[in-house]
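The sequence shown begins at 70 in my numbering and counts up by one.
Please note: incorrect hints may appear among the correct ones.
Here are the simulated lysine-lysine pairs, DSS-like style, with alpha carbons at most 30 Å apart [claimed, not checked]: (1) Lys191 - Lys141; (2) Lys275 - Lys443; (3) Lys205 - Lys180; (4) Lys290 - Lys99; (5) Lys443 - Lys290; (6) Lys148 - Lys73; (7) Lys339 - Lys315; (8) Lys141 - Lys109; (9) Lys275 - Lys168; (10) Lys417 - Lys432; (11) Lys275 - Lys395; (12) Lys575 - Lys548; (13) Lys429 - Lys290; (14) Lys423 - Lys168; (15) Lys99 - Lys136; (16) Lys299 - Lys340; (17) Lys395 - Lys432; (18) Lys452 - Lys138; (19) Lys191 - Lys311; (20) Lys180 - Lys399; (21) Lys136 - Lys148; (22) Lys543 - Lys423; (23) Lys168 - Lys128; (24) Lys432 - Lys274; (25) Lys138 - Lys443; (26) Lys148 - Lys138; (27) Lys141 - Lys444; (28) Lys339 - Lys423; (29) Lys399 - Lys432; (30) Lys205 - Lys432; (31) Lys109 - Lys274; (32) Lys168 - Lys138; (33) Lys171 - Lys136; (34) Lys180 - Lys136; (35) Lys423 - Lys77; (36) Lys205 - Lys73; (37) Lys578 - Lys136; (38) Lys452 - Lys399.
Note that these hints are calculated values from the structure, not bench results.
Keep in mind it's a predicted model, so treat the numbers as computed, not measured.
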Amino acid sequence: MPRKPEYKPLLYTTTIRNPERFKDFMHILKRFNGRILNNKTVELFERELFKVGLYRPMKRPETVQDKWKSTKNGELASKPLTDEETKDVYQQNDPQVNKSIKGHKEAGFPKGWPSRFDTQFKLMKVLGFVYYEWGKPINFSQTGNYLADTVSIEIDSGAISREIVNPQNEQIAFMQAFAKQQRCNPFICELNDNIPLILLLEVIKKLNSDPDYNGSGISYKEIPLVIFWKDNDAESLYQRIKLLRKEHRYNPSNEVIEDICVNEILGGFKKFDLDSIVSEYPDEFVRKMRMTGLISFRGGGRFIDINHNEDDKINYILANYATYRKYTSKEEYFDYMSDIDGALFALKAVEIPKNVAADKLAKLVGDYSWDSIKKELTHLAKKTSSSHNILRFIAAPARLEFLTALAIKSKLPAVEVIPNYPCDDEGLPTSTAGGDIGDIECFEASNSILVEVTMSEGRQQTMMEVWPIARHLKELREKYECENFQCVFLAPSIFVDSENQIDWVKDKKQLVIRPYKIVDFINYLDTAASLYQIV
């Protein structure tokens, strides 16, 4: 018997915990675009994930454990699995073969691996990236292709490589998807009727237009009201937030927020975990909205606001998508979600001149103590989670670029530091620098220093980093006609083959690349008088 729709908080349910991995899963699945979704296709796809370590089931043979032990869950493995190993992993975790595994079942899919496939891609289907039904062809949309083509994952000479080739594609794909995504749609069994991104943007605009407030957007503590809100009435939500601020200013207790969301908005028919209401749900919501590039942080992360670099896109979205048609057919809703809006795609963000990007970075130095910068860089070095109000919402590769630029400017203020990552109106990165340019350009007297950073380790680091660095370094020399130039290369660890490659580049190309582990670079900056070094 079908579940009866009900009002509920907004949840982006997926077994892909790290949003950074959406594009990786889509990239692998694109290899099966057009194929009938059946047991064989599911097996081949899941085994492709195992092969590169993107998905790691609990039961695994010792040979697989040995290959996976040097990297963490959610990362690519250092070595690919053999076909025999992927088959072994699949069968050991298949409830149809291994009766000790309970498995689970999704509606419309057989129990076990097929249902696991559905949980992996359910959100991607809702967002219009890929359509699939059991027994029918897998169908990628144009936005799905955009997302899949953000990254390239390959196996060459026994090594796995992952390269971000079109970083702007990810933001474009999610911006259109969340501009259209209706909560009450044929794929989701709920009664809430709004487009969450539009509701958020409309409420922020109303709050910013109110002379009683400081124009900083919506408080993070008020985000649960957006998540629980039943309809698309932004005016009523704005008025409820005004009342909340009148009674509690900007610091209501968690219990007050719980009472409003659960008892007042939903009518108290169901209990929710307090931490989920005030922390888990808001974190997930803000993280998804941040993927559009349309929102910024204010007040050290206490407020969520509009990214004014993207005002043209925001105004277009509100003018064209705030009023929407309802769909009852899954196919029609997917067609609506996947249809490319050429006018929206053609709009450009405000261009940030390099000197402005450098100025914004210099201003941000005052918001981060050296101890906090070291702490956050150490998190990246150890690949542990950040709890910082803002930084936890920035993907690790972009966060490393930002923190490295910030660290240099903090300890060596005389150095001109120009980050090449795209940023919001606060100067915070919205993605990594493009693959065709260096990450950070630094100038110190007559010396030019290119700073390149990566979260890659092992063979992947050797394959994907050193040659592009050498190319970027030559381009830097030609671009600025500099006599003294070199590169600082930063990673959680430096693979021995990378060091050998760097030595070869120095001997054969006369290009200086100084490799540092992140923790070693922190120590260097602690005592350094300059960034440039005579080698």
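Hint check:
{"no.": "1", "hint": "Lys191 - Lys141", "result": "holds, 24 Å"}
{"no.": "2", "hint": "Lys275 - Lys443", "result": "violated, 38 Å"}
{"no.": "3", "hint": "Lys205 - Lys180", "result": "holds, 17 Å"}
{"no.": "4", "hint": "Lys290 - Lys99", "result": "violated, 39 Å"}
{"no.": "5", "hint": "Lys443 - Lys290", "result": "holds, 28 Å"}
{"no.": "6", "hint": "Lys148 - Lys73", "result": "violated, 47 Å"}
{"no.": "7", "hint": "Lys339 - Lys315", "result": "holds, 28 Å"}
{"no.": "8", "hint": "Lys141 - Lys109", "result": "holds, 28 Å"}
{"no.": "9", "hint": "Lys275 - Lys168", "result": "violated, 57 Å"}
{"no.": "10", "hint": "Lys417 - Lys432", "result": "holds, 25 Å"}
{"no.": "11", "hint": "Lys275 - Lys395", "result": "holds, 25 Å"}
{"no.": "12", "hint": "Lys575 - Lys548", "result": "holds, 20 Å"}
{"no.": "13", "hint": "Lys429 - Lys290", "result": "holds, 27 Å"}
{"no.": "14", "hint": "Lys423 - Lys168", "result": "violated, 60 Å"}
{"no.": "15", "hint": "Lys99 - Lys136", "result": "holds, 25 Å"}
{"no.": "16", "hint": "Lys299 - Lys340", "result": "holds, 17 Å"}
{"no.": "17", "hint": "Lys395 - Lys432", "result": "violated, 46 Å"}
{"no.": "18", "hint": "Lys452 - Lys138", "result": "holds, 14 Å"}
{"no.": "19", "hint": "Lys191 - Lys311", "result": "violated, 36 Å"}
{"no.": "20", "hint": "Lys180 - Lys399", "result": "holds, 22 Å"}
{"no.": "21", "hint": "Lys136 - Lys148", "result": "holds, 6 Å"}
{"no.": "22", "hint": "Lys543 - Lys423", "result": "holds, 20 Å"}
{"no.": "23", "hint": "Lys168 - Lys128", "result": "holds, 13 Å"}
{"no.": "24", "hint": "Lys432 - Lys274", "result": "holds, 26 Å"}
{"no.": "25", "hint": "Lys138 - Lys443", "result": "holds, 27 Å"}
{"no.": "26", "hint": "Lys148 - Lys138", "result": "holds, 10 Å"}
{"no.": "27", "hint": "Lys141 - Lys444", "result": "holds, 20 Å"}
{"no.": "28", "hint": "Lys339 - Lys423", "result": "violated, 52 Å"}
{"no.": "29", "hint": "Lys399 - Lys432", "result": "violated, 48 Å"}
{"no.": "30", "hint": "Lys205 - Lys432", "result": "violated, 54 Å"}
{"no.": "31", "hint": "Lys109 - Lys274", "result": "violated, 50 Å"}
{"no.": "32", "hint": "Lys168 - Lys138", "result": "holds, 27 Å"}
{"no.": "33", "hint": "Lys171 - Lys136", "result": "holds, 27 Å"}
{"no.": "34", "hint": "Lys180 - Lys136", "result": "holds, 29 Å"}
{"no.": "35", "hint": "Lys423 - Lys77", "result": "violated, 45 Å"}
{"no.": "36", "hint": "Lys205 - Lys73", "result": "holds, 27 Å"}
{"no.": "37", "hint": "Lys578 - Lys136", "result": "violated, 35 Å"}
{"no.": "38", "hint": "Lys452 - Lys399", "result": "violated, 39 Å"}
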